[in-house]
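Protein chains in written order, with numbering that gives the first Met the number 0: chain W, 0 to 187; chain Y, 0 to 187; chain E, 0 to 187; chain V, 0 to 187; chain P, 0 to 187; chain L, 0 to 187.
Calculated directly from the structure, the hints in this document are not laboratory data.
Be aware that a few hints might be false.
Which stretches of chain P does chain L cover? Using the computed rule of at least three CB atoms under 8 Å from a CB of chain L, they are [stated by the list, open to error]:
#1 1 to 9
#2 19 to 28
#3 72 to 81
#4 87 to 93
#5 137 to 146
#6 151 to 163
#7 170 to 184
Given the structure is predicted, the values throughout are model-derived calculations rather than measurements.
Even for Gly, the Cβ is constructed at its ideal location relative to N, Cα and C.
Protein chains: 6
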Amino acid sequence: MPVIECHLIEGYDDAAKSRLCAALTDAVRIVVPAPAESVTVLLHEVSASAYMRGGTHRTPAPALPDPAQTVRAFLDAMEARDLESARNMLGAGFTMTFPGTDPMTSLDALVAWAAPRYRFVTKSYTAFECLPSQDEHAIVYCRGTLSGEWPDGTAFDGIRFIDRFEVMQGLLTRQDVWNDIAETRGTS
Amino acid sequence: MPVIECHLIEGYDDAAKSRLCAALTDAVRIVVPAPAESVTVLLHEVSASAYMRGGTHRTPAPALPDPAQTVRAFLDAMEARDLESARNMLGAGFTMTFPGTDPMTSLDALVAWAAPRYRFVTKSYTAFECLPSQDEHAIVYCRGTLSGEWPDGTAFDGIRFIDRFEVMQGLLTRQDVWNDIAETRGTS
Amino acid sequence: MPVIECHLIEGYDDAAKSRLCAALTDAVRIVVPAPAESVTVLLHEVSASAYMRGGTHRTPAPALPDPAQTVRAFLDAMEARDLESARNMLGAGFTMTFPGTDPMTSLDALVAWAAPRYRFVTKSYTAFECLPSQDEHAIVYCRGTLSGEWPDGTAFDGIRFIDRFEVMQGLLTRQDVWNDIAETRGTS
Amino acid sequence: MPVIECHLIEGYDDAAKSRLCAALTDAVRIVVPAPAESVTVLLHEVSASAYMRGGTHRTPAPALPDPAQTVRAFLDAMEARDLESARNMLGAGFTMTFPGTDPMTSLDALVAWAAPRYRFVTKSYTAFECLPSQDEHAIVYCRGTLSGEWPDGTAFDGIRFIDRFEVMQGLLTRQDVWNDIAETRGTS
Amino acid sequence: MPVIECHLIEGYDDAAKSRLCAALTDAVRIVVPAPAESVTVLLHEVSASAYMRGGTHRTPAPALPDPAQTVRAFLDAMEARDLESARNMLGAGFTMTFPGTDPMTSLDALVAWAAPRYRFVTKSYTAFECLPSQDEHAIVYCRGTLSGEWPDGTAFDGIRFIDRFEVMQGLLTRQDVWNDIAETRGTS
Amino acid sequence: MPVIECHLIEGYDDAAKSRLCAALTDAVRIVVPAPAESVTVLLHEVSASAYMRGGTHRTPAPALPDPAQTVRAFLDAMEARDLESARNMLGAGFTMTFPGTDPMTSLDALVAWAAPRYRFVTKSYTAFECLPSQDEHAIVYCRGTLSGEWPDGTAFDGIRFIDRFEVMQGLLTRQDVWNDIAETRGTS
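Chain W with its partners taken away, still in its complex shape (with noise of 0.2 Å):
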């Protein structure tokens, strides 16, 4: 049932203008239980000479990147072993925390840690979930299952993965990993 109209200075392209109706339609629908067709969502944009708050007109910010785009793209130059790519993706304060490690801070310790662990990872992707946080980050949850080869050059697959990354501004700021690995070495 319900209507949503938000007004916003113009400016934002189609793609942010659809990802924003489809987070409102979303936002809703986890409060009322209103079938999808019911929800309807309008976006009013007015000129930056049309809103003033505080007596002062606004230039309005660039939209965010899509985080789960930004979060794929981490993923995929990880997966190529394209370091300089990925490291070019990590915002001021990047950590990373893997099954059993601290907190680590740089692409290259994680390289050094994975080493004697498996030759190679492949992820393959079941879901990527995006959520607000009540800071200034997006959070990215995504889950699958990982398939590669052992130090010894077995194979291995279907081991379940999660991981959540925390994205500020189109830059990875944190990110920590769950799997299922040690669970199916433990069993192997």
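Put chains Y, E, V, P and L on the given structure of chain W with help from the hints.
Quick look at chains Y, E, V, P and L alone, frame taken from chain W:
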């Protein structure tokens, strides 16, 4: 900058309205990098006789319970070994997957599986994170650390975990669990 | 697709609001080929102290009675030969035109005209259709079939008729009648 | 007093917007006895990317043609005996009922029926009145007087008529005709 | 033509809403040369639980008292020589400047200054004019004519004056006075 | 807290929209003690074909010029003794009242009146304050200090003044002047 107006049939209590305001605020901020204090949300409540869709008046559905609270209540019941209460929170088709398990469909199966693994386990929560899905269920992530006793009576703590739940109409329909128990056990 | 918001001074009862919602829904659909379920109407009621036009607060006029109901009550009174009730539903300047008559201004004239034509007549209604005019009156069409007895006592039925009424402030100001009585009589 | 805001996907031309504003104005005035100059209508047009229902962007349907104009064009074609043009304005399931006839489904049937009744007939229009239905068709009433020649070549005029049309997507699906021809013929 | 909608947390009384409607009407008319009767103002009141800014519900501040009434009450108290009441209407940092004086900070200073100038003075008011400032205070202008007696007991009247006040939260923080007393005295 | 939406026919330039936003912001703040940064103004511009009042589309009137700028231009012209330009800024029925004068209707009368009073005078402006009236004119107050030379060639400065203007459609219709010239002259 954005101003969000949401038109609702009246009848939601203050807690539901508060959750709705917060969800809409957060939804905008995942796309528009507005500072928090510039996001305004207004709920306009109309009487049922003042709302018509498709030529028909509608009755507002009651607000959905907060899915994070549902999950928390379930986890508390499990920790207190109050299986009956926990069972009442499960919806049709409920499955739970733990590290190394296939999907289990009953709490008894879980208890049987856990018995040889630890005497008991207690969860400390870092955060509950809640998001809508495109389907009818909401998603709740909760993460933190586990403490407890191994079968031999020695204590453990600080083991990272993350749970992912799907919640539909106040009932759990899916739980997926990841943690570092195998990793820890392997290294201990 | 359209969403219609109508701002009103509060004070209309549910029936009036319902009629207003329906009238707005229909109005949109005569221009925009939207499926019914995608037309949403919201009435926003404000208190008299929250509405000002031209620097002056206004008192809302009471809702107009449903003109179709007014017409129906008049036709029922006529059929029951309750001329006094029917007369009380006539507004200033009322005229009625029947097949082959000049405009008549009194119910007595009508009764005198009808006397040699049929003993009595009963209306079965197919539909009442109601629309606003650009002037102050509403227009009501009602159509269906007539049954009754000719002056010689033989019965007739199934004769098509249509009436057009103008209704102002709950009173009839004009009635125009067409029917197939002459056609039927001619062929019988 | 009422202020009506109607939110639309952009793309309607000025004529359609004008008809929509007028239809909304009239719709209000059938319930609320507001003087014309106090009814304000605002159309808010949003781009397709700024509108979402049920999580999906929508494409606006083109405005429906003015049903009164459709009817007028049909009547003009009939009067000019341009049957082919008139036939192109008929929709699936078209029926027409004239005084004393069963429903006819083709213009040829009408022509055959009319042949012995009058040499030709010309319509003078008093008014076209147009209203939405609760179904998908619009309803158009047109009334006025007929003039023409009887089969014997004598002239007639000033005979009252009323036609009722149903119009769907710019095509006629039903015509019902009442007039005083039999009444007049009978008295002449 | 303009329609102004103002969204407020509920809790303002009718007098405050009336003043707000009038202030918004006037504000538009200083820019848009709309005839009065075409300016419509609607206040939409939402409950505190239906309003959120920056993720926080807000408590509405009570309406400010009408600054013109505050000024009038002060001037009445002064004229009645009720210095105690007048003093209670003064805010922190109050200053008053009269023709030829430096800013004075107390009513006693004023009384001392006025003593040799006139026995008493009475104000007739032509108008109070009130406007907001960009700061927190409101501005009130009042003008009219003075009558009274010179120290020698001769009467005067019709002397033009204008006072400018700054009013903050119902208290006077500044008064500036101009009048033609010196002009008149000089010519008498 | 308030959010103000103002619906306008499109066609106003950025400067007019900016003045309108500011005027609406200020109008709210004279009643509601909201901190500036919590007052949001949105102008919604609709095309002329998307606005109807009383069943009629309307043409937007051009924005009124800023009355403070009109007054400033007049005062500048007077100071520069450019009487012709100043005269062109006067509207029908213009009157001006100075300390001790009756209302004068021409600039020549003013010049004649001032000649024996000072050789020239220059204004330093503290502030221009502008407000709407309930009538068609706007009101502009300007105040500051005067400097110049007395007829005997001695200089003066720091003499307080205040002018009140009425401005209609960009032309001055009334000026009232108060100052401390007589007070100063009397004490010098």
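For each hint, the structure was consulted:
1. 1 to 9: holds (count 8)
2. 19 to 28: The restraint on the segment 19 to 28 of chain P holds, since 7 of its residues have a Cβ under 8 Å from chain L and three suffice.
3. 72 to 81: It is violated, with 0 qualifying residues against the three required.
4. 87 to 93: It is violated: at least three residues are needed, and the segment 87 to 93 of chain P offers just 0 whose Cβ sits closer than 8 Å to chain L.
5. 137 to 146: holds (count 4)
6. 151 to 163: holds (count 4)
7. 170 to 184: holds (count 9)
Violated hints, in rising order: 3 and 4; the structure is consistent with all others.
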